[in-house]
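Below, each chain spelled out in residue letters.
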Amino acid sequence: MNVDPNAKYLESHEWSRKEGDLIVCGISDHAQESLSDVVFVELPEVGATFSKGDVFGVVESVKAASDLYMSMDGEIVEINEILEDEPELINSDPFGAAWLIKFKPSDPSQWDDLLTPDEYQEVAEAEE
Amino acid sequence: MSESLMRTRLYQWHVDHGGRMVPFAGWEMPVQYTTGPIEEHHVTRRSAGLFDIDHMGQISLTGLDAERFLNRLVTWDITQMAEYEAHYALMCYETGGIVDDVFIYNLPDKWFVVVNADNLAKDYDWMMAHADGYEVTIKDVSVDTYMLALQGPRAIELLQHLTPANLAEMPRFTALEAEVDGIKTLIGRTGYTGEDGVELSFPAGKAHRLWERILAAGPETGIEVQPIGLAARDSLRFEPSFPLYGHEIGANITPLEANLGWACRFNTDFIGKAALLEQKEQGLTKKLIGFELTEKGVPRQGYPVANEQGQEMGEVVAGLYAPTVDKYCGHAFVPPEYAKPGTPLQIIIRNKPKQAVVVKRPFYKPAYRS
Numbered sequence: 001m002n003v004d005p006n007a008k009y010l011e012s013h014e015w016s017r018k019e020g021d022l023i024v025c026g027i028s029d030h031a032q033e034s035l036s037d038v039v040f041v042e043l044p045e046v047g048a049t050f051s052k053g054d055v056f057g058v059v060e061s062v063k064a065a066s067d068l069y070m071s072m073d074g075e076i077v078e079i080n081e082i083l084e085d086e087p088e089l090i091n092s093d094p095f096g097a098a099w100l101i102k103f104k105p106s107d108p109s110q111w112d113d114l115l116t117p118d119e120y121q122e123v124a125e126a127e128e
Numbered sequence: 001m002s003e004s005l006m007r008t009r010l011y012q013w014h015v016d017h018g019g020r021m022v023p024f025a026g027w028e029m030p031v032q033y034t035t036g037p038i039e040e041h042h043v044t045r046r047s048a049g050l051f052d053i054d055h056m057g058q059i060s061l062t063g064l065d066a067e068r069f070l071n072r073l074v075t076w077d078i079t080q081m082a083e084y085e086a087h088y089a090l091m092c093y094e095t096g097g098i099v100d101d102v103f104i105y106n107l108p109d110k111w112f113v114v115v116n117a118d119n120l121a122k123d124y125d126w127m128m129a130h131a132d133g134y135e136v137t138i139k140d141v142s143v144d145t146y147m148l149a150l151q152g153p154r155a156i157e158l159l160q161h162l163t164p165a166n167l168a169e170m171p172r173f174t175a176l177e178a179e180v181d182g183i184k185t186l187i188g189r190t191g192y193t194g195e196d197g198v199e200l201s202f203p204a205g206k207a208h209r210l211w212e213r214i215l216a217a218g219p220e221t222g223i224e225v226q227p228i229g230l231a232a233r234d235s236l237r238f239e240p241s242f243p244l245y246g247h248e249i250g251a252n253i254t255p256l257e258a259n260l261g262w263a264c265r266f267n268t269d270f271i272g273k274a275a276l277l278e279q280k281e282q283g284l285t286k287k288l289i290g291f292e293l294t295e296k297g298v299p300r301q302g303y304p305v306a307n308e309q310g311q312e313m314g315e316v317v318a319g320l321y322a323p324t325v326d327k328y329c330g331h332a333f334v335p336p337e338y339a340k341p342g343t344p345l346q347i348i349i350r351n352k353p354k355q356a357v358v359v360k361r362p363f364y365k366p367a368y369r370s
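Each protein sequence line maps, in turn, to chains A and B. Read in order, the letters of the first sequence are residues 1 to 128 in the working numbering. Read in order, the letters of the second sequence are residues 1 to 370 in the working numbering.
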């Protein structure tokens, strides 16, 4: 199991990274591993706004559909459209090419509430 | 889960080899191995896949009236089956609804019936409840009989490496008894993947040995083979539109509604025949269709189906991303007026309508059907 040391996390396995004044999000290596083969991702519209903890999309594996949760309040500024045709990227490169959304946080201080890589590692290991 | 799950003799092997174990029909079975279900699906379509199907039940029928008894219980006319022939059939309630779907083997000393894991107890009870007046011995032989399936375009070639029987000359839907790696085995040229292949029944104590021997024959012959879990087993059976109990068939679904009229022979007097004849005359109120989504999304069992105007009128019973046809598709029951290929539909996925269209079944034509 890989944990990106430059990201912060939710207990529900979404990672978030700072990119300028934006936040980039995806799902963790542990999450893709437990989902197994991803066959579809539903992402929000650019311009949509969400609060921390809202469901912003759904990732569907062969056997199940799983909700995706916002790590902070914010407005979606970009979605990863490649995933519409290549959802399997989530399995092969969860921290890289398979980022899901970029959003502009409305309350940057919420960053401090996210789990550190070490804290997340403990959460993920407890599930294994 | 309070009820304890059963384990096949290969349970520990599956765990040791990356099998992800899940509850299924009262058993703890591998849903996938480390390569994942999509690759397992593709391996079976391009070369060979090995399946632990010991959760399935086996019932043997013997006695003077065994044939007459079984012919009363199933929709197929088994009196027309040659020795060592295998055939698909349904067991129906008087209502025409389906007790189970079964595979029947006509063996010299018995009728051998393979049933769904979930339904074994129910099927056995159903048979026992109808045995009065017949000289028949009904025996659940599931514990002593192990079952493996080896499926794929190279399955026959691979198994040939382990048996003196001439497999190439075996027609589809026949069986023979031969030694496989020295183990007395009933080899059926049958299976539920839409590929050529075999299902093997043999003494349960040899499960581990035969499983490992078949996998070892892969590298020896240069034929790619790997174990396949339940998820790929489901997508492999779905593409050729083979029904699965609890999805396309069940107590409230008749063979006619499920497009299984081909498995019914109305010259016999099987249980449920009268109801089916009446249904034929009155017309169906629902019918099984295949559909594919024309926009992306994953249809799943239980999702509503609506017509073009958005009125809900049906329900999805199976749906998935189908790896070989490379589409998101499913099976649903709808009123017959919506069953024609080309009919536009909407599948309601998480309260959002997704566009779909009725397509001709099967999605994937079985490789052995010319």
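A few of these clues could be false.
[Said to hold, decoys possible] The list that follows gives simulated cross-link-like pairs (lysine-lysine, DSS-like), each with its CA atoms no further than 25 Å apart:
id: 1; chain 1: A; residue 1: K52; chain 2: B; residue 2: K286
id: 2; chain 1: A; residue 1: K63; chain 2: B; residue 2: K280
id: 3; chain 1: B; residue 1: K206; chain 2: B; residue 2: K280
id: 4; chain 1: B; residue 1: K286; chain 2: B; residue 2: K206
id: 5; chain 1: B; residue 1: K287; chain 2: B; residue 2: K360
id: 6; chain 1: A; residue 1: K63; chain 2: B; residue 2: K340
id: 7; chain 1: B; residue 1: K273; chain 2: B; residue 2: K296
id: 8; chain 1: B; residue 1: K139; chain 2: A; residue 2: K63
id: 9; chain 1: B; residue 1: K327; chain 2: B; residue 2: K287
id: 10; chain 1: B; residue 1: K327; chain 2: A; residue 2: K63
id: 11; chain 1: B; residue 1: K206; chain 2: B; residue 2: K184
id: 12; chain 1: A; residue 1: K63; chain 2: B; residue 2: K296
id: 13; chain 1: A; residue 1: K18; chain 2: A; residue 2: K63
id: 14; chain 1: B; residue 1: K280; chain 2: B; residue 2: K296
id: 15; chain 1: B; residue 1: K340; chain 2: B; residue 2: K365
id: 16; chain 1: B; residue 1: K354; chain 2: B; residue 2: K340
id: 17; chain 1: B; residue 1: K340; chain 2: B; residue 2: K352
id: 18; chain 1: B; residue 1: K286; chain 2: B; residue 2: K273
id: 19; chain 1: B; residue 1: K206; chain 2: B; residue 2: K296
id: 20; chain 1: B; residue 1: K360; chain 2: B; residue 2: K286
id: 21; chain 1: B; residue 1: K280; chain 2: B; residue 2: K327
id: 22; chain 1: B; residue 1: K352; chain 2: A; residue 2: K102
id: 23; chain 1: A; residue 1: K102; chain 2: B; residue 2: K296
id: 24; chain 1: B; residue 1: K327; chain 2: B; residue 2: K273
Simulated from the structure, these hints should not be mistaken for laboratory data. Fair warning: this is a prediction, and the values are worked out from it, not measured in the lab.
>> Under the constraints set out in the numbered hints, which ones does this structure not fulfil?
In response: Result: hints 1, 2, 3, 4, 6, 7, 8, 13, 14, 19, 21, 24 break, sorted rising.
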